[in-house]
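*Asks:* Here are the chains, one letter per residue:
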Amino acid sequence: MTPAIEVDNATVHYGAVQALDRASLTLNRGTVCALVGMNGSGKSTLFKTIMGLIKPDTGTVKVNGLDPQLARRQAAIGYVPQNEAVDWNFPISVRDVVMTGRYGSMGWMRRARKVDHAAVDAALERVGLTSHAERQIGQLSGGQKKRTFVARCLAQKTNIMLLDEPFAGVDKRSEGTITTLLREVAAEGGSVLISTHDLHALPDLADEAILLMTRVLMHGKPETVLRPENLALAFGLDPMKRGGK
Amino acid sequence: MNLIELIAEPLGYTFMVRALAVTVIAAVLCAVLSCWLVLIGWSLMGDAVSHAVLPGVVLAYIFGAPFALGAIVFGLLAVALIGGLRDTSRVKEDAAIGIVFTTLFAFGLVLISVTPSHLDLNHILFGNLLGVSAADLWQVLALGAVTFVILVLKRKDFTLYAFDPTHAHALGMNPRLIGAVLLGLLAMTSVVALQAVGVILVVAMLIIPGATAYLLTDRFGRMLVYAPALAAGAGIMGVYVSYYLDASTGGMVVLAQGVLFLLVYLFSPQQGLVAKAVRFRARQKAIAATR
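Line by line, the protein sequences give chains A and B. Every letter in the first sequence is one number past the one before it in the working numbering, and letter 229, counting from 1, is 229. Every letter in the second sequence is one number past the one before it in the working numbering, and letter 15, counting from 1, is 15.
Don't read these hints as lab results, they were simulated from the structure. Backbone N, C-alpha and C fix where the C-beta goes; we use that ideal spot for every residue, glycine too. Errors might be hidden in some of the hints.
As the list claims (entries may be wrong) - With a cut-off of at most 25 Å between alpha-carbon atoms, the simulated BS3-like pairs for lysine-lysine come out as follows:
1) A:LYS172 to A:LYS145
2) A:LYS157 to B:LYS92
3) A:LYS157 to B:LYS285
4) A:LYS145 to A:LYS157
5) A:LYS114 to A:LYS62
6) A:LYS48 to A:LYS172
7) A:LYS62 to A:LYS221
8) A:LYS62 to A:LYS157
9) B:LYS92 to A:LYS114
10) A:LYS48 to A:LYS62
11) A:LYS145 to B:LYS156
12) A:LYS172 to A:LYS114
13) B:LYS154 to A:LYS114
14) A:LYS48 to A:LYS145
15) A:LYS48 to B:LYS276
To be verified - Derived DEER-like restraints, expressed as beta-carbon distance ranges:
16) A:TRP108 to B:THR102: 30 to 40 Å
17) A:GLY40 to B:ASN174: 25 to 35 Å
18) A:ARG111 to B:PHE280: 38 to 48 Å
19) B:LYS276 to A:ARG183: 19 to 29 Å
20) A:LYS55 to B:VAL149: 34 to 44 Å
21) B:GLN270 to A:HIS117: 37 to 47 Å
22) A:ALA85 to B:ARG283: 42 to 52 Å
23) B:LEU177 to A:ARG183: 46 to 56 Å
24) B:ILE150 to A:THR58: 36 to 46 Å
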């Protein structure tokens, strides 16, 4: 079976700055994978490369075995943006945001059909936002905001989900709901890639973790990746030295 | 003189009927477009494009081409130049906008000055509502109708582009193309509104109605109704007041929109200053009562 995402030897530069350095990774079906690294470690760049927003200088990216530009025509990737990337004052309701997940399969006027309304209702139900469907998105709690965008992915009926810092500013209960949901998505054969700072939640959430520092330092079980000596590699701490004092 | 006479008297003059028609068409079109401009944060871009179409309009006049064509070419040229300047130098976007649109506008002024023509600079700068010819009216109507239909039919794509271009990209849409189409429509709209209020005040009609509606509702769909309704109302009011006060028509139309914005800013039920102050005091009282 083709892996959901294959990044092979991808290098990306912004001017003179190297954002990704020969990064390679494979994300299989039915896996939740966490992307761990400092700010500036290339997490966002990796996301953009996978989504086809950036073309790598060298190396290749395949989504469902296809070039990202072809994969996006099939609306193959669902994307949950980080908080800062969303205009929460935008005059749009929760339901309307979730409905935009259906646009890829609608006609040129984006008229919602019965099947679209049904998919949106089901997605809202699943993330527990049915009673909040008509609210403007700024009137939600941090966790509800995230769940709105997760619902958009569900409505999109994609089997690849990219989430950028989904637990930033989210209360414990919503974090639990989202974690359960992502586990269910993986159990149904979906693939989930999450960038996160929230290290303590990783073992419950993810099957695999990737340590990124422009290069892929390590790709393995969360328990292995989270060992202090390994985290030190990614975050530039040196626990051995500290221990020696 | 009773109210009906007050309303009916100006309608006895063809030039007033045409002025009202052009005002309503321009106001509605600008208002619909302004809903997206305000949300994307393209107010300055609206200003830039509406000024930059000037040389395009003059050149179209010289070569006998349709005004709309010249306007679109120069509107998009301005956008391309602004983007290019921003991306290839350390000059920031606001400075790039300032450089490009003033230069193109100046180019237009120079072209007018050396062209022996009937183009009246004052009319282009400040509009010429009272001198609208039948041909002008038809052109405004045709151009306005085409632009309006595209805006309404593709409104969901424009709204998604304004809200989340990354998601639009992930769905296989082309956000750059959507943005370019919207800017092309902005150039066409500028030509329509130019007739009404002139190059300098077009930007007012491209920003004020959307901003006013934004303070009135949390639903984009309703913004698309409120903005043109308010803009058309203010426009008609402006034309009438200018008739009776013998004041600048274009100026009065924009002034009316500005006053309407001020009223909404103060008295909007949710976002208005007064409502906010009342809610704040109620909360203070509630807190005091629990002590």
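*Asks:* It remains to establish, for every hint, whether it holds in the given structure.
*Replies:* Taking the hints in turn, this is what the structure says about them:
This hinted pair checks out: A:LYS172 and A:LYS145 have alpha carbons roughly 14 Å apart, not beyond 25 Å. With a CA separation close to 40 Å, the supplied pair A:LYS157 and B:LYS92 exceeds the 25 Å bound. Distance hint between A:LYS157 and B:LYS285 is unfulfilled; the C-alpha atoms sit about 49 Å from each other, more than 25 Å. With a C-alpha separation of about 19 Å, the suggested pair A:LYS145 and A:LYS157 falls inside the 25 Å cut-off, and the hint holds.
Restraint check for A:LYS114 and A:LYS62: not satisfied, since their Cα atoms lie roughly 33 Å apart, outside the 25 Å limit. The straight-line distance between the Cα atoms of A:LYS48 and A:LYS172 is roughly 28 Å, outside the 25 Å bound, and the hint therefore fails. Of the supplied pair hints, the one linking A:LYS62 and A:LYS221 holds, its CA atoms being roughly 23 Å apart against a limit of 25 Å. The hinted pair formed by A:LYS62 and A:LYS157 meets the criterion: a straight-line CA distance of about 19 Å does not exceed 25 Å.
Between B:LYS92 and A:LYS114, the direct Cα distance comes to roughly 47 Å. Violation of the 25 Å bound is thereby established for this hinted pair. For the proposed pair A:LYS48 and A:LYS62, the alpha carbon gap of about 13 Å is at most 25 Å, so the pair holds. Straight-line distance between C-alpha atoms of A:LYS145 and B:LYS156 comes to about 21 Å, which keeps the hinted pair within the 25 Å bound. The straight-line distance between the Cα atoms of A:LYS172 and A:LYS114 is roughly 35 Å, outside the 25 Å bound, and the hint therefore fails.
Distance hint between B:LYS154 and A:LYS114 is fulfilled; the C-alpha atoms sit about 20 Å from each other, no more than 25 Å. Taken as a hint, the A:LYS48 and A:LYS145 pair is honoured in the structure, with Cα atoms around 22 Å apart against an allowance of 25 Å. Between A:LYS48 and B:LYS276, the direct Cα distance comes to roughly 41 Å. Violation of the 25 Å bound is thereby established for this hinted pair. Separated by about 38 Å at the C-beta atoms, A:TRP108 and B:THR102 satisfy the suggested range of 30 to 40 Å.
Against the hinted window of 25 to 35 Å, the Cβ-Cβ separation of A:GLY40 and B:ASN174 comes to about 29 Å, which satisfies the hint. Our hint of 38 to 48 Å for A:ARG111 and B:PHE280 holds, since their Cβ atoms are close to 43 Å apart. About 43 Å separates the C-beta atoms of B:LYS276 and A:ARG183, a value inconsistent with the hinted range of 19 to 29 Å. At roughly 36 Å, the beta carbons of A:LYS55 and B:VAL149 sit within the given window of 34 to 44 Å.
Between B:GLN270 and A:HIS117 the beta carbon distance is about 28 Å. The supplied range of 37 to 47 Å is therefore violated. One distance hint, 42 to 52 Å for the beta-carbon pair A:ALA85 and B:ARG283, is violated here, with the actual separation near 32 Å. Distance hint for B:LEU177 and A:ARG183: a CB-CB separation of about 38 Å, inconsistent with the stated range 46 to 56 Å. Remark: the range hint 36 to 46 Å for B:ILE150 to A:THR58 is upheld by a beta-carbon distance near 41 Å.
Hints 2, 3, 5, 6, 9, 12, 15, 19, 21, 22 and 23, counting from the list given before, are not met by this structure.
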